[in-house]
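**Student:** The chain contents come next:
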Amino acid sequence: MPLIDIRDLRVSFGEGVGAIRAVDAVSITIEEGEVYGLVGESGCGKSTLLRALAGLNPNWSGAMTVAGQILGPRRSTAQYKLMQMVFQDPYGSLHPRHTIDGLLAEPLAIHAIGESDRRIVEALDRVGLDASFRFRYPHQLSGGQRQRVAIARALIVEPRVLLLDEPTSALDVSIQAEVLNLLDDLRRSQKLTYLFVSHDLAVVTHMCRRIGVMRAGRLLEEMTVDALLAGGTTHPYTRHLYRASAGYDRRLADTAEVLDDSDEEIA
Amino acid sequence: MTMIVLGSPLAIADESAPIVSVRNLRVAFDTPHGAVEAVRGISFDIAREKVGIVGESGSGKSMTGRAILRLTPPKARVSAERLDLHGQDLRALDERAMRLVRGRRMSMILQDPRYSLNPVVRVGEQIAEAYLVHRRVSRAEARDKARAMLETVRIRHPDRVYELYPHEVSGGMGQRVMIAMMLIAEPEFLIADEPTSALDVTVRLQVLAILDDLVQSRGLGLMFISHDLNLVATFCDRVLIMYAGRIVETCPAAELRRARHGYTRGLLESLPRIDKRRDRLPVLERDPAWRDAPAVSPREG
Amino acid sequence: MPTSVETQTNAESPQPGAGIRNWLTAEIPGSAVQARAQRAYFGWIRFLRNPLAVVGLSVIVLLVLAAVFAPWIATHDPLVQNLATRLQPPSAEHWFGTDQLGRDLYSRVIYGARITLYIVLLVTALVAPIGLLIGTLAGYYGGAIDVALMRLTDIFLAFPGLVLALAFVAALGPGLENAVIAISLTNWPGFARLARAETLIVRSSDYIAASRLQGASSGRIVGMHIVPMCMPSVVVRATLSMAGVILTAAGLGFLGLGAQPPSPEWGAMLSSGRRYMLDYWWMATFPGLAIVLVSLAFNLFGDGLRDVLDPRNE
Ligand SMILES: Nc1ncnc2c1ncn2[C@@H]1O[C@H](COP(=O)(O)OP(=O)(O)OP(=O)(O)O)[C@@H](O)[C@H]1O
Ligand SMILES: Nc1ncnc2c1ncn2[C@@H]1O[C@H](COP(=O)(O)OP(=O)(O)OP(=O)(O)O)[C@@H](O)[C@H]1O
Ligand SMILES: [Mg+2]
Ligand SMILES: [Mg+2]
Chain A
221 MPLIDIRDLR VSFGEGVGAI RAVDAVSITI EEGEVYGLVG ESGCGKSTLL
271 RALAGLNPNW SGAMTVAGQI LGPRRSTAQY KLMQMVFQDP YGSLHPRHTI
321 DGLLAEPLAI HAIGESDRRI VEALDRVGLD ASFRFRYPHQ LSGGQRQRVA
371 IARALIVEPR VLLLDEPTSA LDVSIQAEVL NLLDDLRRSQ KLTYLFVSHD
421 LAVVTHMCRR IGVMRAGRLL EEMTVDALLA GGTTHPYTRH LYRASAGYDR
471 RLADTAEVLD DSDEEIA
Chain B
947 MTMIVLGSPL AIADESAPIV SVRNLRVAFD TPHGAVEAVR GISFDIAREK
997 VGIVGESGSG KSMTGRAILR LTPPKARVSA ERLDLHGQDL RALDERAMRL
1047 VRGRRMSMIL QDPRYSLNPV VRVGEQIAEA YLVHRRVSRA EARDKARAML
1097 ETVRIRHPDR VYELYPHEVS GGMGQRVMIA MMLIAEPEFL IADEPTSALD
1147 VTVRLQVLAI LDDLVQSRGL GLMFISHDLN LVATFCDRVL IMYAGRIVET
1197 CPAAELRRAR HGYTRGLLES LPRIDKRRDR LPVLERDPAW RDAPAVSPRE
1247 G
Chain C
30 MPTSVETQTN AESPQPGAGI RNWLTAEIPG SAVQARAQRA YFGWIRFLRN
80 PLAVVGLSVI VLLVLAAVFA PWIATHDPLV QNLATRLQPP SAEHWFGTDQ
130 LGRDLYSRVI YGARITLYIV LLVTALVAPI GLLIGTLAGY YGGAIDVALM
180 RLTDIFLAFP GLVLALAFVA ALGPGLENAV IAISLTNWPG FARLARAETL
230 IVRSSDYIAA SRLQGASSGR IVGMHIVPMC MPSVVVRATL SMAGVILTAA
280 GLGFLGLGAQ PPSPEWGAML SSGRRYMLDY WWMATFPGLA IVLVSLAFNL
330 FGDGLRDVLD PRNE
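Protein chains in written order, with this note's numbering: chain A, 221 to 487; chain B, 947 to 1247; chain C, 30 to 343.
Hints were generated in silico from the structure; no laboratory data involved.
Do not take every clue at face value.
What the hints assert, rightly or not - A few chain C residues that don't get close to chain B, going by computed Cβ distances all over 12 Å:
1) Glu122
2) Val176
3) Ala187
4) Gly202
5) Pro203
Unchecked claim - Residues from chain C shown here face chain A by an in silico Cβ test under 8 Å; the list is partial:
6) Ile57
7) Pro58
8) Gly59
9) Ala61
10) Gln63
11) Ala64
12) Asp235
13) Tyr236
14) Ala238
15) Ser240
16) Arg241
17) Leu242
18) Gly244
19) Ala245
20) Met258
Unchecked claim - The calculated SDA-like cross-link candidates involving lysine to any residue, where the alpha carbons are at most 25 Å apart (straight line), are:
21) A:Lys411 with A:Leu223
22) A:Lys301 with C:Ala238
23) A:Lys411 with B:Arg1226
24) B:Lys1021 with C:Ala66
25) B:Lys1222 with A:Leu449
26) B:Lys1021 with C:Ala69
27) A:Lys301 with A:Leu328
28) B:Lys1222 with A:Thr444
29) B:Lys1222 with A:Gly253
30) B:Lys1021 with C:Arg78
31) B:Lys1222 with A:Arg459
32) B:Lys1222 with A:Asn401
33) B:Lys1021 with C:Ser262
34) B:Lys1091 with A:Asp474
35) B:Lys1021 with C:Ile57
36) B:Lys1021 with C:Arg65
37) B:Lys1021 with C:Arg50
38) B:Lys1021 with A:His359
39) B:Lys1021 with C:Arg68
40) B:Lys1222 with A:Thr453
As the structure is a computational prediction, the values presented were derived from the model and not from experiment.
Built from N, CA and C at the ideal position, the CB exists for glycine as well.
Next comes chain A alone, as it looks inside the complex (with noise of 0.2 Å):
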């Protein structure tokens, strides 16, 4: 039985004529211990997808089960602590006036988990702070570091699964490199199972072993890493995807304009 099971989901903002559907009907399945990624263009809904299912947005429909437990509109306590969620921004991810022994703390708190200072002390260690961090606030670190810091507050309650929303795309290249690895070996000995959302199509083929492309909403297709990397592509907006990775292109520009005409008229 997959770890996580999405049906049909459906997330729309808005009421009338206005209202916008950001997810639609969306299923996915993710096995335990597997990175699943998650690519496609900004605004599509990616961020949507991993906010209902962490439970931050409680106007959705369809169907969500992890770890065989049915996820309504409202999460008990417990079920906040299955799903754990690191965003993109590590410079708004924490709060401003709490040292990062507070922001340590306070899931412990309301899990009314013991033994805090050593848990605090081992979080830290854990993504390779040492403890001279821990009473410092979060103006007082770089990028990285700040998202180290989300990372083992995401981490210290014990979750099976970690949403990541392009968790590194606020750090340069080498700090990029350091968390990828961090996030790399936690998978392995926390046997955790990562949904990890991002644009840079060589950071998700780095992690990934599949992923989905999504577009306006919808869920276009599912393909292997090898696959992609094969040139399996069945859908053109993939393959433009695959080829504006290689950088700045200015044909590729222009036929992105018509690819996005024609998508319109689809639609």
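Add chains B and C with the ligands to chain A, keeping to what the hints say.
**Tutor:** Okay, now just chains B and C with the ligands, sitting in the frame of chain A:
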């Protein structure tokens, strides 16, 4: 007298004349633990071209851009031997004159759209406001212009997005809103600080194409700050590589992949590659000697 | 019981006694207390760089000292009348002169500091928590709660503060306590508005989402995450509004609706001095100066605080 007509090529006699010229720029902060130099004497010229600035986090890329626009935090001490826009000395301008330059003649796409947008004002209105500040037009005109601008930056439903608040737009949309806001006044010189880090590759291509067009057709000078080496190598004309507040290497963008400096090589190595799978990514090993390397002259490369 | 970790880090960082300064400036704080103390210490250093704010703070400290030690500082009893020495100009005996009943003006101004401080503290203690609570709740929950609470504040905001205070005092009857209540009623909506605006900004941030994901309850989020973010601006606003509170209190006193005679309230003193202003200038001048000085001091202090508490300056 030269009048600059907007939307048409800027009145510049010489293609290669620098739009912005910077000599020995320094930015320092006084902290409780002593002074910290964020930018340590850098010099460069930017003409009608796309100049990439790459370097790791904290190397002073954003501070350099902010110092040119005088947007550094109040605590920062900025000094420069020269800081010219079209030969006009920006250091001599008072705050009022500087406000006229900012936004109108030079602008900056700030790194973090979420923090740079007002969270309680609709994004469309913020773009319109940016236009109203510099133009004598009616509100309705500004609104139309802002809508058009959203379309220019390839936002799919400009009318809907116009009405959204910053927390309701996706990361990539926020970034494009920011770009729209900065381009709407049609500046001569643009500093783009990680303008596309939250955009997926396909939209990124299109947004870059817009900037490219502005450089080609209107003679915009573009300072493109990024840590995406692949992107800079393919998009820009020239690249300056910064480390610890200095420019340690400059080269034509096409030759970035053959860069010599150990730091640049390390950055290139740590990029994940689609065509070459590795189990672990090599992590940059810093050499203390890089810090003290002499600054590179502005004309080189 | 200290855990092994704490003892270890404490051993590394210098003890407070060994050098408070080192402890406060250590690059790596070893405990939560030290981290907080450092934050306060660096804030204090930043504050000291603003000379005007320091002047403001000094005046406020003087005001507090005057209020606390009034019996020792004052040269006369502020209430004792002596018709033989009425309307005396400032002299060695009566530094600020005497009023129409022969009371020593200097002593009255000193004792007046008590009343001013009393009003300021009471109003702040009433208004800031109420405003903060209403504002954060409205901002966090939004929807119908927000609409209801904000319409309520709109009603209060629609009237000029002094006019509303006048109406309340007229209804409640004159007197110091009623003046405090009236001023508080006119003051809280500003705090609520401010707290709501801050909450709206904070509410959609990722760190709030992160703590919701950890299962934090709404009460916990408002109390532990949103309120600390609103605090700096509320504190600044409170200090800045103290000037207004003092002026309103003086205004009520001036109109005979605040503190009642013979209490040495500055506004009431100014009011009675007004009748004698042309011939006996000192009677209106000294209480008036006291009002101006103290309200100015609160404004300067508030400006300094704003610079220190603004998280962007860190
Ligand atoms: N709170 C909201 N109110 C209204 N619309 C919203 C809200 N949140 C998201 N949306 C809309 O939902 C769509 C999907 O947004 P989402 O953030 O999921 O995109 P994304 O795929 O994560 O994009 P990016 O890669 O740019 O972050 C967008 O059109 C966005 O405007
Ligand atoms: N207010 C401040 N006080 C002290 N130092 C500061 C302050 N703001 C920035 N700095 C320092 O200035 C240096 C340069 O920062 P800058 O923002 O220019 O880096 P950057 O190259 O843009 O990095 P990134 O890629 O992370 O955006 C950093 O080392 C930072 O620590
Ligand atoms: Mg997103
Ligand atoms: Mg930067």
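**Student:** Take the hints in turn and mark each one as holding or not.
**Tutor:** Hints, one by one, checked against the model:
1. Glu122: Nearest chain B Cβ is 51 Å from glutamate 122 (chain C), so the label holds.
2. Val176: 16 Å, holds
3. Ala187: 22 Å, holds
4. Gly202: 42 Å, holds
5. Pro203: The claim holds: proline 203 (chain C) sits with its nearest Cβ about 41 Å from chain B, beyond 12 Å.
6. Ile57: 4 Å, holds
7. Pro58: Holds, because the Cβ-Cβ distance from proline 58 (chain C) to chain A comes to roughly 4 Å (cut-off 8 Å).
8. Gly59: 7 Å, holds
9. Ala61: 6 Å, holds
10. Gln63: Holds. Min distance 7 Å.
11. Ala64: 4 Å, holds
12. Asp235: With a closest approach of 4 Å, the aspartate 235 (chain C) hint holds.
13. Tyr236: It holds, given that the least Cβ distance between tyrosine 236 (chain C) and chain A is near 4 Å, below 8 Å.
14. Ala238: Constraint on alanine 238 (chain C) satisfied, holds at 5 Å.
15. Ser240: Result: holds, 6 Å to nearest chain A Cβ.
16. Arg241: 6 Å, holds
17. Leu242: This hint holds: leucine 242 (chain C) lies near chain A, its Cβ roughly 6 Å from the closest one there, short of 8 Å.
18. Gly244: Check passed: Cβ of glycine 244 (chain C) comes within 4 Å of chain A, closer than 8 Å.
19. Ala245: Hint on alanine 245 (chain C): holds, closest Cβ of chain A at ~6 Å, below 8 Å.
20. Met258: 7 Å, holds
21. A:Lys411 with A:Leu223: 12 Å, holds
22. A:Lys301 with C:Ala238: 14 Å, holds
23. A:Lys411 with B:Arg1226: 18 Å, holds
24. B:Lys1021 with C:Ala66: Holds, at about 22 Å.
25. B:Lys1222 with A:Leu449: 10 Å, holds
26. B:Lys1021 with C:Ala69: Holds, at roughly 18 Å.
27. A:Lys301 with A:Leu328: Measuring from Cα to Cα gives roughly 11 Å; hence the hint holds.
28. B:Lys1222 with A:Thr444: Given that 25 Å is the threshold and the Cα spacing comes to 16 Å, the pair holds.
29. B:Lys1222 with A:Gly253: Within the cut-off at roughly 23 Å; holds.
30. B:Lys1021 with C:Arg78: 12 Å, holds
31. B:Lys1222 with A:Arg459: 18 Å, holds
32. B:Lys1222 with A:Asn401: 16 Å, holds
33. B:Lys1021 with C:Ser262: Status holds; Cα separation ~21 Å.
34. B:Lys1091 with A:Asp474: 23 Å, holds
35. B:Lys1021 with C:Ile57: It holds: about 23 Å lies between the C-alpha atoms, which stays within 25 Å.
36. B:Lys1021 with C:Arg65: 22 Å, holds
37. B:Lys1021 with C:Arg50: 23 Å, holds
38. B:Lys1021 with A:His359: Within the cut-off at roughly 16 Å; holds.
39. B:Lys1021 with C:Arg68: With Cα atoms ~17 Å apart, lysine 1021 (chain B) and arginine 68 (chain C) stay inside 25 Å; holds.
40. B:Lys1222 with A:Thr453: Measuring from Cα to Cα gives roughly 19 Å; hence the hint holds.
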